[in-house]
Amino acid sequence: MAHGISRGVSRRVALLAGLIALAGASLALALGASQAQASPFCGGQTLSNYGYCYGAARNLSGDSGYGVSHSICIGADSIWGGCSGGPGQVRTMNLGYVIHAEPWIEDNAAGSTVVYGETF
Amino acid sequence: MTDLRTNAGRRLGAGPLAALVLAALLAAAPGCGASGAGRPVATPVAPGTAAPASGGLAGMRAPVVARVEPRQRDGFALLRSHPEGLPPRTRRLLGRPLFGMSWRLAQRIPVALPGRYWLVPARRHLCVVEEGSLGSPGAGSTCATTADALAHGLADITVKRRGSAGAGAPVGPARLIVGVAPGGARAVRVHTRGRVRTVPVENGTFVLRDALVAPPDRFELRRR
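Top to bottom, those sequences are chains A and B. All residue numbers for the first sequence refer to my numbering, where the first residue is 1 and numbers rise by one. All residue numbers for the second sequence refer to my numbering, where the first residue is 121 and numbers rise by one.
The hints are simulated quantities; they were obtained by calculation from the structure and are not laboratory data. All C-beta atoms in this analysis are idealised placements derived from N, C-alpha and C, irrespective of residue type, glycine included. Keep in mind that the hints are not guaranteed to be accurate.
As the list claims (entries may be wrong) - Quick partial rundown of chain A residues pointing at chain B, CB under 10 Å, derived from the structure:
1) Ser48
2) Asn59
3) Ser64
4) Gly65
5) Tyr66
6) Pro87
7) Thr92
8) Asn94
9) Ser112
Take the sequences, apply the hints, and build the full model.
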C-alpha cells in the first residue's frame with residue numbers, strides 16, 4: 001500500500017519537475033525571441049568628409065552609431081534618424097516597428113573619423 | 121522518505137530530468153543558447169571613460185542606475201528636481217535602456233515645441249531622449265559621457281531631409297536642436313560647417329530652430 005502511494009507521488013513529482021523545466025525553457029525562448037538581436041554594421045570603418053557607410057540590408061527596428069573623432073548622423077534607407085552632437089556621443093533611433101532596410105552612418109564633418117554602428 | 125526519493129529517482133531516470141533542467145537554465149541565462157548567439161556581451165567600462173571608446177557598442181548595455189550620480193546632479197539643475205519619468209509609450213518605443221538609463225529618473229526638458237524631450241541619467245552618461253521631434257520617425261536618444269555633457273552640453277539634433285519629413289510632418293524650420301547646458305553656461309555656440317550660431321541658455325536649456333539642413337559639428341559653451 002505504502003509502496004503504491006510512493007509510486008504515485010513520485011510520478012507527480014516527475015511530471016511537475018518536467019513541466020517546470022519545460023516552462024522555464026519556453027519562457028527563455030520567448031524572451032529571447034522578443035528581444036531584438038543586436039547586429040553590428042560599419043564597425044571600425046573610416047569615413048571622410050561627410051561620407052556615408054552602409055550596412056547590409058536586414059530586419060531592424062532601429063539603429064545606433066557613433067564617430068570616434070566627429071559627430072555622425074544615422075538612419076536606415078531613406079529614414080533619417082538624427083545626429084550626435086560631438087565625437088564619442090551615441091545617437092540612437094527607435095522606429096517602434098520592424099522594417100527591412102540598409103542602416104547607414106554619415107560622417108558629419110570635414111576630415112575623417114572611425115565609426116561604429118549597430119542595428120536592433 | 122528515503123523510499124520516496126529513491127523511487128522518484130528510479131522512475132524518472134535522474135539523468136534525463138537533470139539534463140532537462142540544465143537545458144532550461146542554460147537557455148534562460150543571458151548570452152547562452154540559440155537566442156543569445158551573436159549578441160554582443162556587455163563590456164565593463166572603466167570609470168570616467170567613454171563607453172564606446174574601446175570600439176563597438178557593447179558598452180551601451182549596462183545595469184539600470186538606481187539614482188542620479190552626484191556629478192550629474194551638481195552639474196545640471198534639471199536633475200535636482202523631482203523626476204517626471206518617461207511615459208509608457210516612450211518607454212515602449214525605446215525598448216531596452218542604453219547605458220543603464222533610468223526611465224524613472226527622466227526629467228522633462230521644459231520647451232514649448234511639438235515634440236517632447238527628456239534629460240535621462242545613465243551610468244556615467246547622460247542622455248537626451250526625444251519623441252515626436254522634427255521629422256523624427258519614432259523616438260530617439262543621444263548619449264554622452266557625463267564629462268562630455270559637462271564640458272559641451274548635450275542636445276537632440278533633428279534635421280528634415282532625406283525623407284525624414286514624411287506625410288504629415290510639420291512644415292517649418294529644417295533644423296531643430298534642443299539641448300541642456302550645465303550650470304554656469306550662458307550661451308552655446310553651435311558650429312556647423314564653418315558657420316557659428318550663438319544660442320542663449322535659459323534655465324539650463326537651449327533651443328535652435330533654423331533653415332540649415334546640416335547638423336552641427338560640435339557645441340561650445342560660453343560661461344558666465
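A quick look at each hint next to the structure:
1. Ser48: 14 Å, violated
2. Asn59: For Asn59(A), the interface hint is violated, since the closest Cβ of chain B sits about 14 Å away, which is over 10 Å.
3. Ser64: 6 Å, holds
4. Gly65: Interface hint status for Gly65(A): holds (8 Å vs cutoff 10 Å).
5. Tyr66: 5 Å, holds
6. Pro87: Holds, because the Cβ-Cβ distance from Pro87(A) to chain B comes to roughly 8 Å (cut-off 10 Å).
7. Thr92: 5 Å, holds
8. Asn94: 5 Å, holds
9. Ser112: 14 Å, violated
The earlier numbered hints that this structure contradicts are 1, 2 and 9.
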